[in-house]
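Trainee: Fit chain B to the supplied structure of chain A, relying on the hints for placement.
The residues making up each chain are set out below.
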Amino acid sequence: MNFTLHIWRQKLTDKEGDFVTYQIDNIDGDTSFLEMLDQLNEQLILKNEDAIVFDYDCREGICGACSLVINGYPHGEKEATTTCQLYMREYKNEPELWVEPWRANSFPVIKDLTVDRSSFDRIIQSGGYISVHTGSAPEANNTLVEKSASDEAFNAAACIGCGACVAVCPNASATLFVSAKISHLALLPQGDIESDQRAKSMIQSMESEGFGSCSNHRHCEQVCPKGISLQNITRMNKILG
Amino acid sequence: MHGANRLGASALMQGLADGYFILPQTVANYLARGSFEEVDKNHTQVQQALNKVKDRIDQLMNAPKAQHSPEYFHQKLGKILWEACGMSREKETLEQAINEISELQKEFWQKIKVTGIDKDLNQTLERAGRVADFIELGVLMCKDALQRQESCGAHARVEYLSAGGEAKRDDEDFSFVAAWEHTEKGAKLHEEHLNFEFIKPTVRNYK
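Sequence order for the protein chains is A and B.
According to my numbering, the first sequence is numbered sequentially starting from 604.
According to my numbering, the second sequence is numbered sequentially starting from 221.
Hints may contain errors.
Stated by the list, open to error - With a cut-off of at most 16 Å between alpha-carbon atoms, the simulated EDC-like pairs for lysine to aspartate or glutamate come out as follows:
id, chain 1, residue 1, chain 2, residue 2
1, A, K614, B, D260
2, A, K614, B, D338
3, A, K618, B, D278
4, B, K333, A, E652
5, B, K285, B, D340
6, B, K333, B, D278
Stated by the list, open to error - From the derived model, a few chain B residues whose C-beta atoms are all more than 10 Å from chain A:
id, residue
7, S289
8, V334
9, D364
10, G384
11, K388
12, K427
To be clear, the hints were calculated from the coordinates, so they are not data collected in a lab.
Just so you know, these numbers come straight off a predicted model, no measurement behind them.
For each residue, glycine too, the CB sits at the ideal point set by N, CA and C.
With the rest of the complex left out, here is chain B:
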């Protein structure tokens, strides 16, 4: 969804639409219609999932050196991505951003401060959980931009521009959708290749 797309709005909106509206409906629909084995609270998988969520909430509520709000980390992350992973990107700054975000992630889990309790409606806790996700996604966006050694659409890798400043495509090597799988060892790339039968992608030049 990212990289080989058009303007930011379409990639961003697709992400939001899939994440907020489509996934909750389709997953729930699939689960409601399928015939699955009945599971109760004592099922190992259920217990594992519950414990994982509880651990994460405990970590957010009780960081060892709690001092900064979710907003503080959100703004720091935003600044890094704004500078390094905006419309124009380059290898050096992307690598630097990945390091910076990784540092920020460590700081986050040490210093995130969530006030209130975790047993009622707590928007600070909700936000902290989201920012933790955004940090992971932010690293991934930079990794994705880094592996795509071409300029395609509005996102420009500055190393891959024509003399006139236009995007230089590399359809031989990068005509694929990058789908990243979350694994214990980090993000794993799956290339979903694009085959254009009738209309081939060409260089777009506005001059």
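Isolated chain A, as found in the complex:
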């Protein structure tokens, strides 16, 4: 397969960026999107050009490092998939691809397709933890947890903190991310105790980091690679009262 790629190149945070067009040919359908970019970078190095910077780590959909807005969709159009798990066969009918970084004031571009997501770390630091030492695992049946609560807590905890929810939101709101972190702790006995204070601190931190508020566009749920549900936002709003 052959592709025409329009890739966002930006040297530094405060420099102007622009799309640069590249052609890449003979790409196997089973090549992942990031492997395709690796191949492009190899070609750029041979041509004495600076390689395109993009984030990745595990390349198996569990770390939250990869990003990229592809033809307008964070992590590409395929549902419940991170960019690293996206294969070029998905684009057999789309030979022209526009590749951009996450765009939000609170995620400044470091270079090319890589953005600074440390604002998420600071939101977690503002309350995304349990402050008392709860000891090692207790005897399994001492504190009963309903199966439904345990399942929902697990589903919320599946959030990998990639920031796709922010990238797609017209308000650049991080509400889905924050509500997932609040939910996975609030649903379990150890985390429940501090849930009011935690929710207040984290939402406050989200706002002071410059993320917008939620106005129910619900695009975040659609693009989330881990299928984090909007129910988490409802739950967070209930906690916030």
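Mentor: Just chain B now, kept in the frame of chain A:
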């Protein structure tokens, strides 16, 4: 960590866990809690360390015959190790691999090509630095496998197998963890002996 271990996953994961997660935390924690003499940028040791890093970056950025990307060398190294230092190893191929990697190392420092600049986020430079480390580690893995004249766990030295193809241990001579020290003259072996008080290692036979 290597050799006298179980399946590749455990040795590999231990290496990754120690290197990526545990060391940065424990070293930083030690430095933060200890009471050390204040050092500034002008301290000789600081200057030495800075110059060493700068020299290395300069060498990576300005190789005399720059023509191959870090990926090129990474794949070459991977192929050598895959063939010679995988689950089964033998003296001859290990010695050959050590020579091949040493040649590759020379070629690397002559021909490594890093584009872009060293004053911003440069993943090509980062990768080149890692591959340089992997080359050193690759030689060490082969040396380590070579000195261990026994088969233990899943890594088999093919010269040391029973008639039925099972691993032939030699606990008298090799019941130690091989810790290698990086010195100017090359890797130096420190044997950390293992004493089994209650349960002695025995031959495992799946037949």
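Trainee: Each hint needs a verdict: does it hold in this structure or not?
Mentor: A quick look at each hint next to the structure:
A C-alpha spacing of about 31 Å is found between A/K614 and B/D260, which places the hinted pair above 16 Å, so the restraint is violated. Taking the CA atoms of A/K614 and B/D338, the gap is near 13 Å; set against the 16 Å cutoff, the hint holds. In summary, the hint linking A/K618 to B/D278 is not supported, as the alpha carbons are separated by about 26 Å, beyond the 16 Å threshold. With a CA separation close to 11 Å, the supplied pair B/K333 and A/E652 stays within the 16 Å bound.
This hinted pair does not check out: B/K285 and B/D340 have alpha carbons roughly 23 Å apart, beyond 16 Å. Taken as a hint, the B/K333 and B/D278 pair is honoured in the structure, with Cα atoms around 12 Å apart against an allowance of 16 Å. A beta-carbon of chain A comes within 10 Å of the beta-carbon of B/S289; the shortest separation is about 4 Å. The beta carbon of B/V334 is not kept farther than 10 Å from every beta carbon of chain A, the shortest such distance being approximately 8 Å.
For B/D364, the requirement that its beta carbon stay farther than 10 Å from each beta carbon of chain A is met, with the minimum near 28 Å. Even its closest Cβ contact with chain A, about 38 Å, leaves B/G384 beyond 10 Å, as expected for a residue assigned away from the interface. Non-interface call for B/K388 relative to chain A: holds, since the shortest CB-CB distance, roughly 37 Å, exceeds 10 Å. No beta-carbon of chain A is positioned within 10 Å of the beta-carbon of B/K427; the least distance is around 36 Å.
Checked against the numbered hints given earlier, this structure breaks hints 1, 3, 5, 7, 8; the rest are met.
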